[in-house]
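Q: Next come the chains, spelled out residue by residue.
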Amino acid sequence: MSSIDPSAFFNVVDVTGVVANGLLGGAVARAYRFDAVGFAMLGIVSGLGGGVIRDVLLGNGFPVALTNPAYLSGALIASAAAYLLVLGGKWTGRLLILADLLAVGCWAATGTVKSLAVGLGPLACVLIGVLTAIGGGILRDVLVAKIPAVFGDGPLYATIALIGAIEMFVLARFDLPNWGMTASIVTCAGLGLLARRRG
Amino acid sequence: MSSIDPSAFFNVVDVTGVVANGLLGGAVARAYRFDAVGFAMLGIVSGLGGGVIRDVLLGNGFPVALTNPAYLSGALIASAAAYLLVLGGKWTGRLLILADLLAVGCWAATGTVKSLAVGLGPLACVLIGVLTAIGGGILRDVLVAKIPAVFGDGPLYATIALIGAIEMFVLARFDLPNWGMTASIVTCAGLGLLARRRG
Amino acid sequence: MSSIDPSAFFNVVDVTGVVANGLLGGAVARAYRFDAVGFAMLGIVSGLGGGVIRDVLLGNGFPVALTNPAYLSGALIASAAAYLLVLGGKWTGRLLILADLLAVGCWAATGTVKSLAVGLGPLACVLIGVLTAIGGGILRDVLVAKIPAVFGDGPLYATIALIGAIEMFVLARFDLPNWGMTASIVTCAGLGLLARRRG
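Residue numbers (my numbering), protein chains in the order written: chain A, 1 to 199; chain B, 1001 to 1199; chain C, 2001 to 2199.
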């Protein structure tokens, strides 16, 4: 994998996750009968909230959500799609779930590795990894005055994000960040799909 | 307009908006029968929340709400006034609405121009402009466990903030920030009053 | 008191407060029947939220909650204890209330003195002091979609935090930060216990 530019690789999975979560935010906006502004806000918060929390906590200059236009465009296009189209098909739902689970692993890993890069310890790295993965969903739920699903009904995402973040932490310590990324994405998606099938 | 110091001009409209929103936050605190602390917190959050979100996202050192005492004093005095006086008169209400609408334009414009100053792209500048204008109200609604009005019931403010932010972005690009400020304030107040009369 | 290292002194009371609030966050998680993830999140937010708000607003590089592992460990151990044990005894409850009240004074004072250290004015210092003391509880309540208790039902904590922050501000100005810390802790605990006995 050494021939792939890690940051390009990171960005592609990242933006896919932003789009998937923008669509999921839009689904919540539809459930509450919000207008276009509400769709855009929930899409942006769901898709970019975790990364913004991470960047604000890491004091990393601007959140990457603001500097790389792909993120904001992705969230807005997804919100617009959720607003204009009814995304209720069986296969659309399945694809969304898959993209969302891939994003959980990707975000847990990027959060962890970015925290490691600024010199934080293991506990803090893993916490930031988990917050990056589930922070957008928590913010989205708070904005519709709902108790965040991850606290009780859906432990799934937080637990698999925790596993992904730990994998990334260990592999990054062995100087294998791209393997950590891959492991986190594959594990989170695999465990997530397994849990859904069983649940 | 070149003889007016832009930052002095910005500050005056800004602080007026802080006071108006401090009063509006106080009105919410009254509706929920909060005590003095609740009035102060909702006044501060309503009046300064948008600007604090902007400054935290821009990583601009301290939020200006903390460094310029006029902001915090303005929010606190407004909270105290809302706590001590019953601001229910017809003309008081109209003045509050006008001051609030002027603030929407002012905050959309300052958020946009500050983002431009740190080198952000058009989408991010306009997003920060809109968040600066509506962020305080969103935080206030979240703090009373209410779905933010701007998401559904009151699209008005977000939509006019969007228009104001775009105007500011375009005019600032042509090196006319003071005209952008003025245009944003006039447009937001005009559209807001028009929409209220029609609605 | 000059022979005691102030930062060591600060840290001990600070971490005790984190543990007490982690336990209190866990009690809320139990009331809502959350799972282990919910306990951990509420424990972390209750114990560390105020300090993170302070550090983000002060733009102080990383929040100390991320760099000093004692904080995160303390919050996690407290969450785990709250999850595994039923902490319902009369004396456990009393100890928790005491530790929590000590933390209010400690956090109000540290928030104030850190704001003073970065050059903020009196109003901003006191506001940050109060926010540090009550911010974790506000965030915890927001996360369970409840109106923060400090806004109406429990003015107690905000009011005593305000008194502690003012004491700290005045004594720190006279170059007596350790006395300010002590005064704030003693006053907040004393007033809080008095108010509980009377209420």
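Keep in mind that the hints are not guaranteed to be accurate.
[To be verified] Example chain A residues on the side facing chain C (calculated, C-beta under 7 Å, incomplete):
# : residue
1 : G121
2 : L123
3 : A145
FYI, nobody ran anything at the bench for these hints, they're computed from the structure. As the structure is a computational prediction, the values presented were derived from the model and not from experiment. Idealized CB from N, CA, C, for every residue including glycine.
Q: It remains to establish, for every hint, whether it holds in the given structure.
A: How the hints compare with the structure:
no., hint, result
1, G121, "holds, 5 Å"
2, L123, "holds, 5 Å"
3, A145, "holds, 5 Å"
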